[in-house]
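Peer 1: In case you want the letters, here they are:
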Amino acid sequence: MRRWRQPQSPSRNTRLPRRAFLADVGMGFTGLALGEMLLGDGIARGATSAWQPPDGRAHHRPRAKSVIWIFLVGGMSHMESFDPKPALNEFGGQEIGNTPHKDVLTASFVEENLRIVVPDDANGHIRHKLFPLQVAFQKRGQSGLEISDWFPHLGSCADDLAIVRSMWTTDNNHGAQLQFHTGRHVLEGQFPTIGSWVHYGLGSINENLPRFVVLGTPIADCCGGIGAHGANYLGPEHSGVQLGVDPAAPLPFAMPSADVYREEQQAEFTLLNKLNKLAAVEYPEDQDIRARIKSYELAFHMQTAVPDVVDCAQETEDTHKLYGLDQKETEPFGRQCLVARRLVEQGVRFVQIFHGSNGGAGAWDAHGNLKTSHSTLCGQIDRPIAALIQDLKRRGLLDETIVVIGTEFGRTPGTQNSNGRDHHPFGFSVVMAGGGLKGGVAHGATDALGFHAIENRHYVTDVHATVLDLMGLDPRRLEVPGRKRLDIDFGHPIREIMA
Amino acid sequence: MRLAGAILLALLAWAPALCAAESVDYVRDVKPILEQHCIRCHGAIEQESGLRLDHISFMRQGGVRGTALAASSDKSVLIQAVDGSGDVEQMPLEADPLSDEQIATLRAWIDAGAPAPQEPLPADPREHWSFRKPVRPPLPETSPDAWSQHPIDRFLAVEHQRQGLTPMPPAEKNLLLRRVYLDLIGLPPTPEELRAFQADASPDAYEKVVDRLLASPRYGERWGRHWMDVWRYSDWDGYGQEVRESQPHIWRWRDWIVESLNADKPYDRMVAEMLAADEIAPADEEARRATVFLVRNWYKSHRSVWLDNTVQHTSKAFLGITLNCARCHNHMYDPIAQREYYQFRAFFEPHQVRTDRVPGQSDTKHDGLVHAYDADADTPTYLFERGNEAKPDKENPLSPGVPAVLGGDTLRIASVELPPEAYYPGLRAFVQQETLAEAIASADTARKSLATRSEALAAARQKLAALADTASPPAAKSPPAGNGAEAESAEPKADPPKQEATTGKDELQVALRDAERNVELAESETLATAAELVAVRAKIAADAATFATPPAANAEELAREASRAEGVAAVERARHKVLVAENGVERAKAAGGDNAKKNIELAESKLTAARQVRETAQAALAKSDDSYTHFTQVFPSSSTGRRAALARWIASEENPLTARVAVNHIWMRHFGDPLVQSVFDFGRNGQEPTHPELLDWLAVEFMEQGWRMKSLHRLIVTSAAYRMASTARDESNLARDPENRYLWHANARRMEAEVVRDSTLYVAGALDETMGGPELDQNTGQEVARRSLYFRGSKEKKMTFLDTFDRANVTDCYRRSETIVPQQALAMVNSPLSLAQARRLAGTLADQLQTQPTPESETAFIAAAFERVLCRPPSDEERDACLAFLAEQSRMFADPAKLAAFESEEESDVPPAADPHARARENLLHVLLNHNDFLTVR
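Chains as they are written, first to last, in the working numbering: chain A, 239 to 737; chain Y, 14 to 951.
30 Å max Cα-Cα, derived DSS-like pairs, lysine-lysine:
id: 1; chain 1: A; residue 1: Lys512; chain 2: Y; residue 2: Lys911
id: 2; chain 1: A; residue 1: Lys377; chain 2: A; residue 2: Lys609
id: 3; chain 1: A; residue 1: Lys515; chain 2: Y; residue 2: Lys186
id: 4; chain 1: A; residue 1: Lys722; chain 2: Y; residue 2: Lys313
id: 5; chain 1: Y; residue 1: Lys44; chain 2: A; residue 2: Lys722
id: 6; chain 1: A; residue 1: Lys340; chain 2: Y; residue 2: Lys404
Please keep in mind that the hints were generated in silico from the structure rather than gathered at the bench. As the structure is a prediction and not an experimental result, all values here were calculated from the model.
So that you can see chain Y by itself, here it is in the shape it has in the complex (with noise of 0.2 Å):
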């Protein structure tokens, strides 16, 4: 088989050889085979038997064979190796081989006498640029004009004078207006605001809404939702109710972006707090709500794909690399060994997940503060080989450490020693009173049932003295007394059955046995209860002295004590709970039935556990020592310190990458594109800035502000060139840019799928703005009126209307599609959701306008609604359209005969109005929600 096709090949490699020597180019044809199949092993990252394949010079000089290539192809290296004709393993290792074609090619190249141009050697990958710390570079330059006023602008202007291009003028007042409250708070202005806002002739006037609008709260909702794209926000994903990826709760972590945010808490501290705030903020419990980012990535049944996530997500998220692609084999194209990569992971290795008791909810699966903890200091950190987890290199563990490219020198690891409640979590004050709160109440509802019981045992005693002094009529069937399954509950009834005056006297006397049961089992639960709260005062006695620091001089001896109370309640319960076995066997066989021999087995074979239990917890107590058990669990009480000191070094000015990577982040959502095309890539294989000097002058401008986003947000939203007209009307300028690379007008956008929702929502002034909480049924979404990002959303449990309108891929959406689909249409034209609110809003407009439709009072409405929900009025052919559309849909409203419903399932929760002319404006309401202009922010 291969001699036949070494022959073939040869044929094949000779008519090529002659015609096309000529013809082979080193750059057109032969670099980007050596690119695409070699230069991963032999290139500047890795030498493979000291061979690069990267440069004509590294190919004659050649590697521990010698030259890869020799005068005729046949006697090449590199030949022998990509056919399999030399003693070479066949190259490509573990890839398809090269076609017939590629190695013609090569041939033909090598036996032309491997021609190449003059060529640069190839930099070295740790010189590349975001690698490197960004310095602040001299403001340009610039000739004084609009353009020179603001730093951003200044940056932008030396591009366009290079590229020969001419920004755009200033937007229109309402188009700017509208553009910076849907990108800073997510909602449009009001008709109110619009006219307040085009009146203030003030220089300041649009930094005054600026300021606004970031103090407002929605601006932390705005941004969070942006942040929690980035940061992979996702509720909990299972099957049925088991929790398969991320956890129950963390609706917590999204109340905590949006609190941080508004409150312009640093984004360095935001970063570290994410990552470790159990350990640089142990005792702050609000900030472990942060942690979250790391819980998000919990994974069932693999603790590798849950690993593996974080340390994906946390690399991409905060320094644009791509350590992932290492896990397998080194970097192909950043210098990241695949050993950093492992080290990488074992910042994490530590951790788990955990959740905490909350005030007011004891059991943790209603509600509880999840976060992030070390739990075990030692698990050890393995490479594994070809990334596969069955195949860990033991011989070498390896320890915590960042890709030395990026400047690992300065890490430096430190335990931390927990403060006790962080590591004890029963030892917060709400738990202990909430405890004992319970404790009392038990106690409480024990004493009064003890009351009421005795006083009817004392009401049975009289009716059988009394049925005594009189003739007894004949006896009735005993009903019976309950079965065994009933006596199954801990405690009988609590009201003997209402016993007519003609009981009998069997009767009576089975009442008065009930009675004098029952009055026992309440002094014996009674006991138990008591016996109880005296054990929960002695632990928080004793948990009081042993936690302290130092520990209390008699906290022995409070242990010993608390031990002691345990065991009594212990014991007391365990009396109590034979008492009702007992009572079970009674009832058991006095119920009869089909089924007595089988209740009174079962009640019996209850009755001897119940007793073994006793008898355990009477010789516990005979010999309790100092050990008592705790409210809730005691975690290890210091924690490795490992990811604190990731923190540190991912949330400083020192590394390359933080600052820059955020600041692009901030650029896209403002612009519309980023300065950096591949936002979570910005290694070898991403791409390169169009403005690289603008954004490290942003980046070190970020940090020396103190990384407030708001600082950032107010300056990039102040320039010049954001506040440009988004119309590209420009022959020239299209010419040479036409995909506005170097932004000379702003981009139109299309809404994210929450904007639209909840503007739809605002401008007919139905959206609810509470703001935090446990996330909303997905499925409401549609009548609740809650901003978007308070729904639940995971990979399957989404909202339908948010999911048309491309809603973040929680797996990973470091940036949003925006599409343009039919369904896009369907969702806001046919929604139950956007039909309540168009007939809303023309409700409402129709009671401000306070007029009858006339013609007059038409155009006053078609111009209120335009200015409502796009904020500009119509154009005079737009008003004419819109005239005659509410004239014709009146007069077909008024002959409601002639049309035909949709035979439609769907209800709607705002009725159509009865009057055509009405119902005419809701159309027209309707239209315009569905209007280009309102989807989208020019």
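Chain A extracted, bound-state conformation (with noise of 0.2 Å):
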């Protein structure tokens, strides 16, 4: 809905010269951009309140210009990825109330931290018998990060990576994948996403793209659908657009019917052009003019600029190898991964990469044959995402990008189904990566099961408030009046793992 006023809307009513105004018509307005650059609106809450939408400039020095967020959907098991836990080999087929660990089953988190959606659902259990590690640990470079056997390539990149191994959130079921990206439980319904607060307070880089890209196929509404890239109370115009990687057709309209020709839509623009700007010698006041004369102008270099950013053939064969785009279990993802360092590469500031989507609760959802579906699903995207770190760094735009790999939740010590693993909201890992961040490192610890997240917990907005903080801006002087946030909201910068 709208505000009060549309913070970054052009007020229609902000005075201007009017010869300075026919100065900026001369000039085709270079350097104006869309909503930050025209004049902010003000009022917004009477006579004694300052407030201001975002200029679009950092609040302070930031340490990255981009971010490269993957999400990998239905809950990637923290034991077989980055968080590994001897301890169950060791207990393995045990219940755990017999092991010595079995105070975890009666530490206060499993209350607290856990607000249930769907009671007595058949999913979102603990599980009492351990279920052994289906996959090896080694320590990988020279920092000696323990990283499984199902990303040997990503294992390569360790001297890159900070893993936080102390991730909670509250949501036993899917729904935690809305809350992943909000900060909100879903049954407090959808807020602002991570991308949507970036896109607020930052500016353009480029103007001819999107500034918050959204790759791959979004979460499905079981469990937040479009609300997880989405703007809500921000207003829809800084929600993730969602871009395809086929060139011949990257959004919806970036084409018009094949029965037109290039010349004669470029000559409509021209004279929608010099139309639109007798209009605004008519109206030297109306800004909405300005903003929709340069809505067309971006509107047509977007229609180059984005089937040019992501059309892959440009790369090289190395790189094509690189991210994987000559095998079959690897091109998809690869792909997504290649088009978003394009993205970031030409100044995009979020993009959001989805993994694992299958319109229901997501493919990492290994309830049964963990080990079969998880290392398929590693296999996708190993490769990928350490192309993606190393093409990065030698570009060196790694300094710039902050690379988040991400999932809702993680999975139980002990099994469910015989060969599987149920939803775990009490303890996971999520891995970050690039602008301001250390490598090698591993943050915070579950105990010794895996099970709840022991010393220095972090909540999922800890992890939003590291990428604001790396991106330069405060998550307190983004608050839009009427839209009290509370103080979970804001999280903290996990400080540990910033330069």
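Relying on the hints, combine the two individually framed chains into one complex.
Peer 2: Shown next as structure tokens:
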């Protein structure tokens, strides 16, 4: 909905001297961006309030300019990826209550941590019979970070990674996917997502491309749907724009029908521009005309820029191989990672890539056959993510790009359906790399079974706070009047992993 | 840790205390800290420990621990609380502590003697303006001029004078006409309407147009869509086919909204019907559609989410208060206790959602009347501690109630006895008739089938007899008569396989056996359907007697008859099924094949089950009493009356908020800006009205005119204020009121999503004006030319085109966003919709002008195009630019070999013209549909 007034939509009445305005028309609005560069509107909260929408500038010195946010849909096992638990092998097959670690069952987190959506669901329970690790771990790199054997390529980037092993959330079901992006439990409704806050707070670097892009199939409507890349009350212009990686149809209305000539359309744009500028002279005080003229200029460029940026044919064969575009299993995700690099290279602020969407809870949701499914899925993403990090690094972009690998929750130390693991909100891992972050570090810890996050516990908004802080933003300064946020919404930056 | 912190803090505190003593200012530095972190629990609404921190006198006075401000900061309770150094629990509770810097500021201020200017005591929150009933203010005296004729203008003129503003002159006639058309019906005027208006010199030319537009059915569609925003219309959402939010068939509510507006149903009545039509008009099926306002909040997995949405949006939409802020704790700004949130919830606690049959469709999955009703009068309401549904306060069940600050004493709740047809839908004539017709049809079919099969049997016997008279040829291998799986279906094959004249005796004998079986089955089916028909008739008679008021004398007797007839029908049906199952066994045995054993076992187990059912039915018949199965579920015969009481309280002239909130919504949609910016929050955290007297005058006027919205629309759009030009070319005004808060010019606005799409279709003459009906597939919006409000819309299901232009956010849309983004330009430039309409319209205009493309006719074409799309003639510069464009495009298309087409997968509905001139004209129309002045309402 529209707030008191649209923070980033141009004010219709802000005064601008006619002469200056005409000069702008003549200059074709060089340097003017749509929202943040037109004058902000100001009123908002009556005479006593000085609230202004963000001006697009960082609040403090940014350590990064872009984010690539990879989300593994369904819940990746922390114990088979980034948080090895040898105790599971030692006590495999035993009931937790019969092991020396039985205290985890009575820890206060069990109740405090949890808000159940569907009571008595088949899933989302504590599983008591411990399930041994399904994969081995190696110490990797100079740092000796332990990463599972399902991630050999990513393992080779260990010295660039910061692993947070003490994440927790509160939903024992897949509404946690929405929660990971908004910071709020699904029962509390929909809220702006991390990408939309970045979009809201920071200006554009490349006006010909959307600032917040979504790649891959978004999560299903069961679990948050488009809300997981939405902007909610910040307004639709701050939502993620879904792009396809097919240059022929990367976004809706990207091209007219095949019976239109390029020259024909170009001439139409030229006439339209002329007529709209005449209207702008007729109504010099109307800022919306300026914005509309600008939006048509951008649209014209987007028509070429968007298909262009998703077109990987321009990349070398070596690069194709690096991302695994030559292999069937790595090709789809590899292409998305490569497009993500091309996007941040061109100045896109926030790229959100979904992996594992399957119309339901997500492919990572390994209630059974964890070994088969996780090893296959890891095979799809390991090489592409490693390639992304290496490629960013060799181009000097890793210093200004934050890569996040997240999932909605971990999986139970105990077994479900004999060879799977259930949902586990009490402890899981998130991996980050890039601008302003330390490499080769593991921060926080779960207990010996991987059950509860016990050391340096972090709720999901701490990841948001870290990202925003590195991007130069203070979330408290982005708060919108009338939309009171809670302390937990802001989170706390994880200083220990920041360089 | 804490000790080290305290020492550090003390050191830090020293420096600012010394140098900042002079510079710490209470109003600038101290008050904001207290307001942000402390006032919620220590302010006008709550006084924990008896302490208030919203005025210096209260701080000095202190609470149960004595004064908050000692002479030195170290000894002040305030400081001890915020830095955790005293024996007080560290404040604020359950929130981040104050920063060192903030604590240092407080210390410095206290150590400087806590200086504060004289300020009036904070106002009693209960006296907030919007919590007091509006009283009609006298019309202001203004000097006689154009702004003294109309009550609205007089209120505005007073502010103009006070602020030193000169209002703009009236808008040009064509712009005004386009404005009022788009405003009232959501479509622009036709050139004929434009010319007629411009030619009409009568003094009431404009008023006649307004009356005509308000009488148009298009008005209900236009304003219906506005109210659908406010009332959160959303088609169902879910996971695959599973409904998780809202409900199917809620388009009937949309139609109710449109119809009600067109009929000028009073607003108070509309509100009341939406909350409680099932209680206030229980016999009115049509009115019950209104309760989808509540149904829309249905939420599969969580009743609390459902009811929270109901509470939140009932209070925001009708009352402009944020009751939802009191779910976890007392309201932070308004004097509303957490308990009152749950008391408001209690109005809705008994209600549930159901879908009744509608004529012509017995399966409510396909269509039905979905509505709200009270299912369980006894469900208790508890306060949830900290809003957590897992922690209900079961010691103190709550009764329904409205926030005391809004005047809740008048509420009287009385249970409502419902008419039988309302609680037992099976009593409705169409249900009985359709059920009866179905039973009659089944019986007919069965009888006809029996006749056909009897003939087939006679024929089979004759053939066999004929064969016996001749020498039989060698027997061919018998074709299988079917397998076990086929025999599972209730009926055997209706017609035996066609037999050739040369068929052998074995085959004929198989055919004869089949024919005999078929007849046997048809006989039992005939008996069953006949018995079922008897049962339906008996039930109709019994229903009529039982549900009569008072029940008929023979009700019990008829009920016993119905019970018995139902029992007989059940036995006949069970017998038939046994026969079918026996037939299945026989077929399975005859079929043989690889799975024979398994198929036979399966068929036999079915036979056993069928026999069991038969025995049960027979036993039941022997014991039949006066109970029988009803045609539909029978729901509770009374309703709690809670929602009716709430509806009466909200839709009342005594309610301080209802009329003000409605008037503000309507005002905003006419002028582009509301009188109270925070349209869903008239509470203390909301904004003050720019024109409080005007708001109250309008609210009282609205109520006294019987809450008629058409009167209010007419009043507003006939004001001079509404008719002003939207140009804002006045340096002095701009300097004084750049935001136009005092309405010295009309606000130019972008068309809403639906208006963009509908008008594009309409100017091309393509809009299909069919009204109402089930929601249309959202993915067909580029081809199907119905108005946009008729397409499916929910969180996930949305038309991309409308979404691009900021369609309503279905979870919460009290005010539309109005953005300008490049995706909108792409949608208008590249969508098949705009291309097709431009091409269509170019053809229509050329036909109307009936000329060959010459320079003169191109000028006429350009004028016609501007008039149709923009409702205005082109300026000379525009005309010249368009002429040059047409010439240039024609030349370009003359040599298409030089042109490069888009490599696109998109196809267009209307192909481009082959003739270069005609195609150039299409391009011009396409440009005009993208023109700023098309998308803008001036």
